[in-house]
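Undergrad: Listed here are the chains, written in short residue letters.
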Amino acid sequence: EPEVTQTPSHQVTQMGQEVILRCVPISNHLYFYWYRQILGQKVEFLVSFYNNEISEKSEIFDDQFSVERPDGSNFTLKIRSTKLEDSAMYFCASRAQGLWSQPQHFGDGTRLSIL
Amino acid sequence: KNQVEQSPQSLIILEGKNCTLQCNYTVSPFSNLRWYKQDTGRGPVSLTIMTFSENTKSNGRYTATLDADTKQSSLHITASQLSDSASYICVVSLNQAGTALIFGKGTTLSVSS
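Going down the list, the sequences are from chains A and B. Terminal number for the first sequence in the numbering used here: 682, no gaps in between. Terminal number for the second sequence in the numbering used here: 116, no gaps in between.
Everything labelled a hint here was simulated from the structure, so no lab data went into it. Keep in mind it's a predicted model, so treat the numbers as computed, not measured. Quick reminder that beta carbons are idealized off the backbone N, C-alpha and C, glycines included. Careful, some of the hints might be misleading.
Under the rule of at most 25 Å between Cα atoms (straight-line distance), these lysine to any residue pairs were calculated in the SDA-like manner [claimed, not checked]: (1) B:K108 to A:L606; (2) A:K650 to A:R589; (3) B:K20 to B:Q41; (4) A:K624 to B:T66; (5) A:K624 to B:S49; (6) A:K609 to B:V114; (7) A:K624 to B:N98; (8) A:K650 to B:K108; (9) B:K4 to A:Q604; (10) B:K4 to A:G607; (11) A:K609 to B:N5; (12) A:K609 to B:G19; (13) B:K108 to A:Q664; (14) B:K60 to A:Q664; (15) B:K108 to A:V614; (16) B:K108 to A:S668; (17) A:K609 to B:S116.
Calculated Cβ distances over 12 Å to all of chain B for the following chain A residues [claimed, not checked]: (18) Q573; (19) M582; (20) G583; (21) R589; (22) Q608; (23) E611; (24) P637; (25) D638; (26) K650; (27) I681.
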């Protein structure tokens, strides 16, 4: 069964540095999402992406964050000037075109640790 | 404030037994409710998606119910297996596109032999 793949599985970065989290969505999917989950807390929506542009974003997704689909397969989340509180698990998800009831398929996440 | 509350926080059951997990939500507007299963160290996997007009939806041994009047949902697991050990997350969507998802904290289920 097709899967959403995320790399790296674990990223350790010094505070203030920039990180890029990578995702390869399922090939025929057209809707893409990023979520984060701080340890012990709920999953939180960050941003959705469709037709090469952001379709919706949460309050968390401020100027520090950006997303890009640089080619036909990758979907990236860039975090600039990382802060300690950016430490979390970041999940990418994708959804097929068509009925909204198509489920979102999640990757296994990237654990980001800011030191 | 939009909130999704789940109970119990954790649950331990014996293999083969049934269990029911609860979800209460105070979300407006409401579009649909989703249940996800999240194994440790893995991403969430969709189990069911229901709109306000659907009362019950099944996926194998998983049966979700929805009462849109009382804003309650439940996930019933029949004949539990060791592989059912996971976190079960209730998620309410404010829109059809699923771009405004409110997640619960999840119920951690442990199935023992």
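Undergrad: Check the hint pairing K609 (chain A) with S116 (chain B) against an upper bound of 25 Å on the C-alpha distance.
TA: violated (29 Å)
Undergrad: For the pair supplied as a hint, K4 (chain B) and Q604 (chain A), is the alpha-carbon distance within the 25 Å limit?
TA: Within the cut-off at roughly 20 Å; holds.
Undergrad: Straight-line Cα separation of K108 (chain B) and Q664 (chain A) no greater than 25 Å?
TA: It is violated: about 29 Å lies between the C-alpha atoms, which goes past 25 Å.
Undergrad: Between K609 (chain A) and N5 (chain B), is the straight-line Cα distance small enough, at 25 Å or below?
TA: At roughly 13 Å apart (the allowed maximum being 25 Å), N5 (chain B) and K609 (chain A) satisfy the hint.
Undergrad: Below or equal to 25 Å on CA atoms is what counts here, so check K650 (chain A) against K108 (chain B).
TA: At roughly 24 Å apart (the allowed maximum being 25 Å), K108 (chain B) and K650 (chain A) satisfy the hint.
Undergrad: Far enough from chain B: is every CB of that chain over 12 Å from the CB of R589 (chain A)?
TA: About 15 Å separates R589 (chain A) from the closest Cβ of chain B, which puts it past 12 Å; holds.
Undergrad: G583 (chain A): least C-beta distance to chain B exceeds 12 Å?
TA: The assertion about G583 (chain A) holds, with a minimum of 28 Å to chain B.
Undergrad: With d taken as the least Cβ-Cβ distance between E611 (chain A) and chain B, does d exceed 12 Å?
TA: Since the minimum Cβ distance to chain B is about 7 Å, E611 (chain A) lies within 12 Å and the statement is violated.
Undergrad: Find the nearest Cβ of chain B to the Cβ of M582 (chain A) and say whether that gap is larger than 12 Å.
TA: Non-interface label stands for M582 (chain A): nearest chain B Cβ at 25 Å, farther than 12 Å.
Undergrad: Is the hinted pair K108 (chain B) and L606 (chain A) satisfied, with a Cα-Cα distance of at most 25 Å?
TA: holds (11 Å)
Undergrad: Are K609 (chain A) and V114 (chain B) close enough, with their CA atoms no more than 25 Å apart?
TA: Measuring from Cα to Cα gives roughly 23 Å; hence the hint holds.
Undergrad: Please verify whether K108 (chain B) and S668 (chain A) have alpha carbons no more than 25 Å apart.
TA: Holds - the C-alpha atoms of S668 (chain A) and K108 (chain B) are around 22 Å apart, at most 25 Å.
The structure does not agree with the numbered hints 4, 12, 13, 17, 18, 22 and 23 stated previously, though it agrees with the rest.
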